[in-house]
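Going by the working numbering, the letters in the sequence shown line up with residues 606 to 1544, in that order.
Worth flagging that the hints you see were computed from the coordinates, not collected in a lab. Bear in mind the structure is a predicted one, so any value in this text is a computation, not a measurement. Any given hint could turn out to be false.
What the hints assert, rightly or not - Cross-link-like lysine-lysine pairs, in silico, BS3-like; alpha carbons within 27 angstroms at most:
hint, residue 1, residue 2
1, LYS849, LYS1392
2, LYS849, LYS1468
3, LYS989, LYS676
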Amino acid sequence: MLYKQRQQKLWRWMALFLIGTLLQFLFYAPVRTLAQSSHVAANSASCSSITAPLTPEEQTYARAAWQYFVKNYQPATGFTNSTGGYPSGTLWDMGNYLMALNAARWLNLTDQADFDARLNKFLTGLGNLKLFEDALPNKVYNAATGQMVDYTNNPIERGIGWSALDVGRILAAFDVIRTCHPQYNDWLKGIIAKWQVGRSLKDEQLFGATVLPDNTTLLVQEGRLGYEEYAVRGYQLWGFAAPKALALEPYKMVEINGVQIPVDTRDFQSTNANNYVVSESYILEGIEFGFQRELGDFAARVLEAQKRRYDATGQLTAVTEDNIDQEPYFLYNTVYANGKNWATITDTNQPYPQFRSISTKAAFGWRYLFPDNAYAQKIFDAVKDLRSPDGGGFYAGIYEESKQPNKALTGNTNGLILEILYYKARGNRPLIGSSAVSQPSKPANNNTSSAATPPPGETPKVAQTSTTPTNSSPPISGNTPQVGEMTIAPIPPVGNPDPSSTLKLARPLTVVERRYAEAAWRYFQANYHVRSGLIDDRSDFQGATLWGLGDYLAALHAVRSLEIITPKEFDQRTRHLLAALTQLPLFAGELPHRGYDTRVLQPIDYGGNPVPQGNGWSALDIGRLLAALYNLKSCHPEYTQAVDQIVLDWSYLRVVRDGVLSSATVTPGKEGRYLTRVNLETRLGYEEYAARGFQLWGFEVEGSAVGGEYQTTLVEGVEVPTQRRRTDTNSKVNQYTVSNPFLLYALEFGLDPQMRSLFEPIFQAQAARYRRTDTLTASATTLIDRKPYTVHSTITGKGEPWQTLGDDGQTVPQGRMVSTAVGFAYHALLPETQYSQKLFAGTTDLYNPLAGFYEGFYETTGKTAVGFTSSTNSMILQSLLYTVTNRQPLIRPSSAMQSPWWQAVAQGDSGRGLPRIAKSRVRLISDSYGSYWMSDSSR
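With the hints as extra help, turn the sequences into a complete structure.
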């Protein structure tokens, strides 16, 4: 009877165990999606595709790193030592070895037979490991025996817990193995099936386990900004979700050496866990997944802070966590940790600043992630030959203080070097890529909903396109050409520059100003299409408007005048752009479309969707480009013939009518027809600016030029203009006032008395709001990094002050922005004004040194809005140029009245709607107000 009771009890326990196991699979078993499965199939062939073979020097680096694993191999288990000669290893170390083994295979450091033998032994050893609480691998094992041990490599029967970060690391490595070697897929799935991965997931976050002194198990949240996001991607690859771990929050920006660095707010003091900022997590993210969302920006900031420390101290800086060759044996060399800049600490937050080192793996990582970065090359040069003389691999680094090598040899250093070199050999293609993991609902990086920036008030239609990986190495010389891109040859070389037309600077840029100019120019380097010669309006989609191309041309003139680029680069880019402009398809054979795909020059709508029928033209955009082309002729007359030929191909019959500007739109009609409608332009500030551009070329557009009466509304005790009083239209659209067009007008055309009467109250209202609320105000139309993506932070909108509106007219109270471009422009135009100085100080650090200036920061949170546009970076460059030219209008008069344009106008009756009289309708004058362009009829 006693036996039967025991037997029944045993059966009950077995049943409970089986039920528990079944429940774990019900709740936590990964469900492979079609996209993930296709990722494996699609990429298996690409693993062997070496598109950028290693140089002889790089082959030497790879062989040296692989020798570490050859020398530290444990034949009994198939594992390798985490450090040279020390038979211990974590799951993270095992992940390093798998990544190194895969790289070695495709870099031909080992053959297929050796690879298979090693991987078979490894997977057998891994499958035989005893698990902590029969759930997940222990934090550390003896690499020679496979026993569970503690961190001193002493056997411990119970184990010491598991690390969710380490689980994420090896899951990512498993994905690379099954993708590149699909014959091992079932084996890997079988190993994971034995693990209770769900126990490391709680509250949508990653949780590790630790053993308390009373021998109980405590689950603790694991991961801080950088590593947390990296690790959860490994989970995602196998179908496990932890959305809170994928979110970047909670974090804040901390200024270090003049750079705003992202820092996790969960520090050691509040959580007993370090919130260190190091290089490695960002390097892994870039080479394995490709930078997504803000992480690419964060990585660039982390690198830039290290460069700035070098600039300030002369000490080369490449910091991350590393083993060292003396006690305490492992340190976190950080950019920031627990409230301290450049802290070097243990995992218990004990400081060891005397052992801070230049990390070999960090230097390799930055060098190949950002191959055009001069500082990354400098730190790489310092460590590239830091190899053990006995062939044991690369040393961990160089101590800053003693300048001696840190002779620790580790699988982490050598494994990461092999991964990086394999990444390079693949043509800088991420090993896994962002398509292998699900994307957050929030747009990645600075994604917005449209390819080309729509004029204010026009709602973009979202293009139905898939998310693609962000290039982890910002392409300094231009975007890598993609299949199907149109190749346009630059126009033939033009004559030599006329020295007399060169813009004269009153003074050179200061060192700081030059840094700003170089940062702004980075946008145009990173978003340049080397085949078409065009620039994207914004960094997240490949599309451009004529307004954006005008921005680019203005930026080109600025950087040439400021000597940021050479005359050769200016000429090459200018001739390429002019060639592209000659090949733009025209709407109805008249004028350029509203937007173009920058790869193939085909018309697109504001969502990036192809529109073969076209979508009309924008008089505002045409005016912007006309102003930039006129100035190109004035300051660089050697391009006059090419410029005039472009604008003579256009017809102006419908864009200029009865002395005002009109734009065309296309709407679907009945029976599948598309209907064109032409309507007057009424956007305050933009209309006045565009009209000046037309007047430069002789067009009579007095009805759109600044002048007449304007309606106003009282804001902060100041009468702010809201719209022009007019009788030619009843349009009520776009009734809001922002700073952008008035600032661009002032920089390029100066402030005539009428425009000054509009410009000054707009500035005064913003300054008054600051005095009243202590809230910096720089009103503008900008991008933001969430819906509705384009916002108008108005001075007055829809009859109310300080409204923040989307293109659909709906309010966006949390989207109000302080515009970087507005801060720079007001400081250039009103340098002695206290409020403009405040704005300037608040926006000068809002840039990514590899991608350009951001749009600005949110008024409510102070957080940077991660978005990059040509308009913002062009206005910053123009503001800097204006500052060093004695604050003269940037557009200069042209005396070439015998050019093809004026000759065609003089001939008359062209059938193209050319001006009636061969002379400009505006003139540059100087008086007590300063220098400014003025309409002939207003003088």
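Checklist entry - Given the proposed pairing of LYS849 with LYS1392, does the C-alpha separation stay at or below 27 angstroms? => result Judged against 27 angstroms, a Cα distance of about 20 angstroms means the pair holds.
Next on the checklist: So if I understand the rule, the pair passes when the alpha-carbon distance is 27 angstroms or less; does LYS849 with LYS1468 pass?
Outcome noted: Distance ~19 angstroms between LYS849 and LYS1468 Cα, so the pair holds.
Next on the checklist: Check the hint pairing LYS989 with LYS676 against an upper bound of 27 angstroms on the C-alpha distance.
Outcome noted: Answer holds: LYS989 to LYS676 is near 20 angstroms, not above 27 angstroms.
In summary, this structure violates none of the numbered hints.
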